[in-house]
Amino acid sequence: MTSRDPLDTGRPDLAATAGRLRDEWRAEEEEWSRAAATQWAHGRRLVDIARELMHRGDAVAVTSGRATFTGVVTHVGADLLRLRTAAGSVDVHLAALTAGGDGGRHVRLPAPVLLRVVERARSGGRRAGGGADSFRACLLEHETEAVEVVVGSLLLDDELRGTVTVGRDQLRVCDRDGGEVYLPLAWVSWVMPWRE
Numbered sequence: 001m002t003s004r005d006p007l008d009t010g011r012p013d014l015a016a017t018a019g020r021l022r023d024e025w026r027a028e029e030e031e032w033s034r035a036a037a038t039q040w041a042h043g044r045r046l047v048d049i050a051r052e053l054m055h056r057g058d059a060v061a062v063t064s065g066r067a068t069f070t071g072v073v074t075h076v077g078a079d080l081l082r083l084r085t086a087a088g089s090v091d092v093h094l095a096a097l098t099a100g101g102d103g104g105r106h107v108r109l110p111a112p113v114l115l116r117v118v119e120r121a122r123s124g125g126r127r128a129g130g131g132a133d134s135f136r137a138c139l140l141e142h143e144t145e146a147v148e149v150v151v152g153s154l155l156l157d158d159e160l161r162g163t164v165t166v167g168r169d170q171l172r173v174c175d176r177d178g179g180e181v182y183l184p185l186a187w188v189s190w191v192m193p194w195r196e
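Everything in the sequence shown is counted per the working numbering, starting at 1 for the first residue and increasing by one.
Since the hints were made in silico from the structure, they are not lab data.
Cβ atoms here follow ideal geometry from the backbone N, Cα and C, with glycine treated the same way.
Label-pair restraints from in silico Cβ distances:
1. 129 with 24: 44 to 52 Å
2. 196 with 32: 55 to 63 Å
3. 194 with 124: 22 to 30 Å
4. 154 with 122: 32 to 40 Å
5. 180 with 42: 43 to 51 Å
6. 124 with 36: 23 to 31 Å
7. 86 with 48: 25 to 33 Å
All chains, please: the whole structure from these sequences, using the hints.
What follows is the structure in structure tokens.
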């Protein structure tokens, strides 16, 4: 059994008209699809891009100030991404959050971070899994574990190394000699466990 075009009545003039109408319809649908894709791209945030890179499993380079880390995104929270590198994991601050009157968290200050795809994954990727939901929660995990960490900030020429205490809007880094440095949380760029 053959399927016939319902608009084909056997008359060449109507068949040509039907063909033109199908072409116009196809072109219009493609235009609407492009417009929808453009609108979608305009609404994406950096955290959305990080989540997509995690799902795809791409190798990425993350630059924050003078530091660049290369690896695979293993977790994305509301304002952070965790990157698995050859040297271990690093948590990168993507934005400073603030609580709104609606009880939700909103991006207040996007972080000066650059994400670059180094190599597209041919397979793999990962789903969103367990992990800290915010950069502050990530810092609290490091505090709770009482591990020595390395902290990077655009405010510093060198990294800080020590244990951390998380305040309401600041981070205290205490080194082995008892020296203390206080940084505004919004200016903490990244943190990673110290590895000897």
